[in-house]
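With the hints as your guide, set chains B, C and D onto chain A.
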Amino acid sequence: MPELKSRLLQALIAIFGVLTIVFFIMRLSGDPTLLLVPDGATAEQIAALRHVLGFDRPLLVQYGAYLLDLARLDLGQSLVQHAPVAGIVAERIPYTMALAGGALLVALGVGLPAGLAMAVWRGTWLERALAGFVLAGQSLPTFWSGLLMILFFGVYLGWLPTSGSDDLASLVMPSVALGAITMSSFARMTRIAVLDELSRDYVAAGRARGLSYGAVILRHVLRNAAIPVVTIAALEVGNLLAGAVIVETVFAWPGIGQLAIQSIASRDFLVVQTIVLFVSMVYISMNLLADLAYGVIDPRIRRDR
Amino acid sequence: MRALAFSFPAMLLAAGVAFAQPKDTLIVDLPGDVATMDPHLQWDTESYTVYRNIFDNLVTRDVSGKIVPQVATGWRYTDNTTIVFDLRSDILFQDGSKLTAEDVAFSVRRIINPALKSPQLSQFDQIISADVTGPAQVTLRTKTPYPALMAQLVKLSIVPKAYVEKIGDQKFNQEPIGSGPYKLRTWQRGVQSVLDSNDSYWRVKPPFAHVTFRAVPDIPTRIADLRTGRADITRGLTPDDAEALKGDKSLQVMPVATERVAYMFINALAGPTKDKRVRQAIAMGVDRDTIITALQQGYAKPVNVVLTPANFGYIADIPGWKFDPVAARALVKQAGAEGATVELLTSPAYDRRLNEAIQQMLGEIGLKVTITMTDQPSFLRRRQGSPEEAGALSQGRWSCACQDADGVIFPLFRSGSIWSKFNNPAFDAEVDAARTILDATQRLVHYRRAFEILREEVPGVGLFQDNAIYLARKELKWIPTANEAFFVTEMTWQK
Amino acid sequence: MIALSVRDLSLAIGRTNIVDAISFDVAPGEVLALVGESGCGKSVTAQAIMRLLPAAIRQTGGEITLGATSLSNLPARAMRDLRGRQIAMIFQEPQSALDPLATVGNQIAEALRQPLAKVRAEVRQMLVEVGISDPDRRIDQHPFELSGGMCQRVMIAIALIARPAVLIADEPTTALDVTIQAQILALLRRLAAERQTAVVLITHDMGVVADIADRVAVMYAGRVAETGPTAAVFATPAHPYTALLLASIPRLSDVPKSALAVIDGQVPQPADYGAGCRFAGRCPRADRRCVAETPALRPVADGRLVACFHPVGG
Amino acid sequence: MRRISLGTALIFAGLLAFIVAAIGADVFASNDPLRQSLLLRLRPPGTATATAYFPLGTDDLGRDLLARILYGARASLMVAALSVSVSLLVGVTLGLMAGWFGGWVSIVAMRAVDTMLSIPAILLAVLTVAVLGPGFFNLVLVLGLTRWPRYTRVAYAQTLQVAALPYVRAAEMAGCGPGRILLRHVLPNIAGPLMVVATSEFGLMILFEASLSFLGLGIQPPYPSWGSIMSAGRQYVVRAWWLTAFPGACLFGVVLCVNLFGDWLRDRVDPRSQGR
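Residue numbers (the working numbering), protein chains in the order written: chain A, 1 to 305; chain B, 1 to 495; chain C, 1 to 314; chain D, 1 to 276.
The hints are simulated quantities; they were obtained by calculation from the structure and are not laboratory data.
The model shown is predicted, which means the values in this text are computed figures rather than measured ones.
There could be a bad hint or two in this list.
[Unchecked claim] Covered stretches of chain B (in silico footprint by chain A; criterion: 3 or more residues with CB under 8 Å from a CB of chain A, positions within the stretch not fixed):
| no. | region |
| --- | --- |
| 1 | 119 to 127 |
| 2 | 211 to 220 |
| 3 | 374 to 380 |
Just so you know, even glycine gets a beta-carbon here, dropped at the ideal spot from N, CA and C.
Chain A on its own, in the form it takes in the complex (with noise of 0.2 Å):
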C-alpha cells in the first residue's frame, strides 16, 4: 500500500507538472481576443473586450485564479462557444473512446495472434510475412494511409461511409488507421515476451508431462507473456489518444483530438487545457491500473501488495 500511495502521489506531480506547462505554453501563444472580434473593430474595441475577458490581468492572477477554479471543480467557460467547457469536452469524449476503443480493437486482434504466431512459428516463412506486415504498420504515416482508405474504401469501392461517426461503418477505417501502429508495437511486444516464456523450462516440463505444444501455450504461456504486455498496453492506451489528433483530423471525427487542434487554433485555452489534463489523466491512471493488473495475473505481486 505505500507503494500505490507514492504511486498516486507521482502521479499527482505528473498532472500537475501537465497543467502548469499547458497553461503557461497556451499563455505564451496570445490569447483569442482577436479572434472574437469581427473584422474592423477598433483597438479601443479589442481592449475593452480583452478586459471583459480577463486577458488583460498579470500571467501569475491568471494561473491563480485557474488553479483555484480547478480546486473548486470548475473547469470553466469556453470563450468561444460561451458554454461550460466540462460539457464541450465531455461531449466528444464518447467519439474518441469509440475511436480508441475500435483502435485497440484491432490492434489487440492482430497484434495479438501476429506477435504469438511469429513467436511459435520462428524462422518460418510465416514469420517473415507477419514482421513484414508488422514493420509496415509501423511505418506508414496514419495521414496518408488514411487518406489512401478514404480514396480507396470510400470514394472508389463505395463500401465504407467517407464520412460521419453515425455508425459503426463509419468507425472502421479511422480505427485501422489509428490501430496499426499500436498494432505494431502490441506484436512486437507480444512475440518478444512469448519468445522469452517458450525459451523457459516449463515449455518443456509441461509436455514433457504429457502436454501437447498448443496446450503449454494457452495453459502457461499466455498467461505469463501476459504480464509484460499488459504494460505495453497501457502505455499504448495513451499513445492512442495522442494519435487520435491526426486521424481525427483526417477522417473529421468529432473526437477530443479534433477538438484540441481546432481549439489551439482559436485559442480557446481552457478547452485546450481540459483535454490535455483529460488525457494525461487517463494516461496516468492507465499506468497505474497496469500495475494493478499485475497483482491479479501475477500471484507473486499480489502476495508483496
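Quick look at chains B, C and D alone, frame taken from chain A:
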C-alpha cells in the same frame, strides 16, 4: 451494420433516423461546426449559416442584395441619428408566443450590452438606445449619423425576450428559440445540428421537413460525400475542385461572386515598402490576370480597387496598375530596394498558392519575399500590431458582411485602425466624411476621392472579387447570393 | 526385462553429429546414470528419448524402445499420450521448470490429464509421498512460495504421479544445496524402487552417480566411453577418461598430497570431431591407432563394455 | 563478422539512397524545386515540354515534383537528424545525472519525464509551434525538446546498472570526478541501447516532421517537405494522385528502412534479443 448501430451509444442514433427518408431531409456539409446557436454571440460563417434559419432578422437582403423588410415592415429617419421601425404583428416564436416590439428592443439592447461579451459588439456599438415607441414600433438612436446602420441591422436576429430572460443566456445558447422557418432539434457539438421545419412559419412553407448541418472539415471528404449522396450541398470548394467537378453529371457547381475582396496589403509605414515607389512597383509586378486564369481558374473577377462591385461605394472607372514587370523592376532599382527582403505574413486561413505565386512574381522584379506563416491568432497579433512587426505584405480576403465601402477601406486604411499601416490625412478626411452622412450620392463623391488616393499611394492592391463556390446534387434548386447567406427557404428539390 | 532401450542413437545439428550411435538399456527399478562433462550430448539424448528435441536437432539414426513400443516412428499424438504416463522427466532447475503463475496442485494434476478438483486426493497423496509436509496448504501454493528442494519434490510428484515406467532425471540436484541433494536422491531412489520405475539419471557429478546409480554409462563427446555396474566401474575404471574423471573427485580419504588431478585440454567441439577416438587428444595412453580408428564398445570384465584400444588395467 | 544477408543489404541500400538523395538533391534534380510555371499546373508524371521534363509530374503551382521530393528528403533528413541530436543531448544528460547522483536529482528528472510522457506528443508539438511559430529551426527545437524523455528513461536505467559495476566503482575510488566517469566509463557502456532508441526515434521524427508539415506547422513554403507536398496534394487526391502517392511512398519506404535498420541494430547491440 445498421442493426449493430443500435447497440452503439445513443449519441449515434439521431443521425440513423435522419437518414431514413433522405428526400425529407436536406443534408448540408459545412466546413466546421457551429460555434454558438445564440445569434448574438459568435458571428462566424458556420454559426450564421445555421442559426439564420432559426431566427428572423429585423431586415434582410433579397436575392439581388437589396435591403428589404423582414420583421420590420418599413423604416424612416426622423432625424440624422434617429430611425423608426414599424413591425409586423403576426409573427409567432417557435414556442407559440408572439413576437412584439419589446422583443425587438430587447434584442438590440442585449447585443450592445457589454455584459453579454458579444464579439459582435463593435458592429452595433454605434447604437445608443432602442425603445418601444408604439404597439408595433421601435425607435433606434445612433451616436452620430451612421449610413451603415441598415447594413449592420441585416445581421440582427430577433430573440424572444421572455424566454431568454427565463432560461438565461447560457441555456439559450443550447436550446435557442426563434421565429424562423426551422427550429433546432439536436445539436451534437462537433458533429451536426439537426433542424426541423416550423410548420406555422409566417412567411413561406419550409421546403424540407428536416435540415441536417454536418461538420466535415476536409474538402475532399465533403466532395466524396456529395458524390456518394451522403450530403446534398456543401460550400467552400476551391476553383480547382470546381473545374474538376464540372463534368460530374449528378452534381452542380454553383459559383457566386461575393462581396469578399482578395487584396494584397502593403505596409506603408515601415520596411522597404515605406517607399511609395516600391509599393507602386509591387502593384505593377503582380500579374493579376495569370492569377485569375491559372490559380482561380476564372472563378474571380479582377478589381482595380480594394472593394468589390457588390459593395456600395465601388467606383468602376478608377484605373488599376497595369502588369509591367520591366517598369516595376526599374522602379525598384530607382528606389534602391533591389534585393531587399520583404516579409509576407500569412496564416493557414489564406490561400497558400497565391502567396507562393506572389513570392515568385515579386522575385522577378527584384524583391526577395520571405513567407512567414503562423497560426491565425499569431498572424492577427502581428498584422494588427505596430507597423514595424506587421510585415511588409500580406494577402487578405475581406468581407464586412455589410456590402458597404465603409466596412472595407475604413478599417483597412484609416489611420488609427488596427489593420491600417497607412497614414494619409486627406484619405482619413474622405472616409470620415463618408461615414457620417446619409446621402448616397455625396458619399460616392467622397469614396471616389478616397480611392484615387489609395491608387496613388498603394497601401494595398485589389486583386479580385472572390467567388463562393457551392457544390450541390443536381436535383437541388437554389441561387446563391453575394452576401454568402444560406437561406434554406430559398431552396427546393427540382422536379 | 528392459524398460527402456536405446540402440545406436545418433543426433545431428545440420550435418554435424553431436551424438554418435550410443546404446544403453535400463531395467525396471534400475537407476542408470548417464555421466559426462557438459556438451558431451547427455542432455540431448534425454530430449531425444522424450522426443522433445529442439527444432534444429535431428535424430539421424538408431532406435528407442519403451517397453514393447518403438518410439522413433510413433505418431506425435501417440507419443504425447505416452509422455507423463509411460515416460516422464524432471529438470535441472525445478523453479524454472514450474510455471510461476500456476499452482502446484494444478501442475501436478496436468500429468493426470484431469482438472485438479477431480484428482485432488490423489495429488495430495502424491505430495505426501514426495515428502512435502502440510500438503493441504502447499497444493494451492505457487512455486515462488516453495523452496528449491520442495519444488524438485513437486517436479518428482508431477513426473511420478501417473506411474510411468521410465523416469528421466536431467541433473535433478545440480541446482540444489548439498544437504538437499542427498534427500532428493534418496527420495528418487526409494520411489524408483517402490514403483519399479526405470530411471535414467543424467549428471556430470560422479559423487551423485556413486550415491544412487546401479549402473553407469560414461559419455564423452557424443559417444559412450564405458558402461557397466557402478561399483565395478568405480573400483576399476577401464577407460582412461573414466579413470581420470574418478581421480578428479575429491574424497575424504584422500590426503591432499598434490593438486587434484586435472584432465588436460578440452572436450572437442562437435564440428571438430575427426576419425578415431575423440579422447585421443587428451589421452595419456593414446597412440597412432587411436587417432586413425574409432574404437568400438567391447566387453571387458564384470559385464562392462569399454570403447578403448588401450583400456586401463587391460 | 557475420555475413550480411540480402535483406540487410537492401535496408542499407534504401537508407543510403535516402541520404544520397537528400545530400545530392541539387545534383539529381534537373529542375529548380521552387520554379513555378502557373500554366503547367498539375501535370501528370512523364510530362515533357520544349524546355523541361517532369518525370513525376508537377504540383499545383507547376513545380517539378521530383525536384521537390528530393529536396523534401533533405528536409526530412535534417529535421530528423538535428532533432534526434537535440533530444539525445538533453535526454542523455538528464538520464546520466539522474542515474549517477540519484536522490533529488533523479526524483526531479524522473517526475519531469512522467509529466512530459503524459502529454500527447503531437499536441505538445502543435502547442509549442503555436508559441514559437513554424519554421525549420523551431521545428527542430519543438521536436527535440519534446522527445527527450525516452532517452532519459533508458539512460537512467542503464546508468544505474553500469554504475554498480566494479570497474566503475574502482574508477570512482581512484578519484575520477563524476563528469569524467560518466563520459569515459558510463556513456560508452550505455551507448548501444541509446543508439537503438535513437534509431527508432529517428523514424518517428521523420513521421512527426511530415505530420506537422501536413498540418501546416512544419517546413514553410515555398520550401518542400514530404508532409507539406502531401498536405497541398490532399486537395487534389482524385485529380492529381501523384502529389500524395509519391511523397507518401517515399515517406513510408524511408521510415520502413529506418525501422528495419533499428531492428538490425538491436540484434547487434543485444544479441540475446536475436531477431526480435
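Each hint tested on the structure:
no.	hint	verdict
1	119 to 127	holds (count 6)
2	211 to 220	holds (count 6)
3	374 to 380	holds (count 5)
The structure meets every hint from the earlier list without exception.
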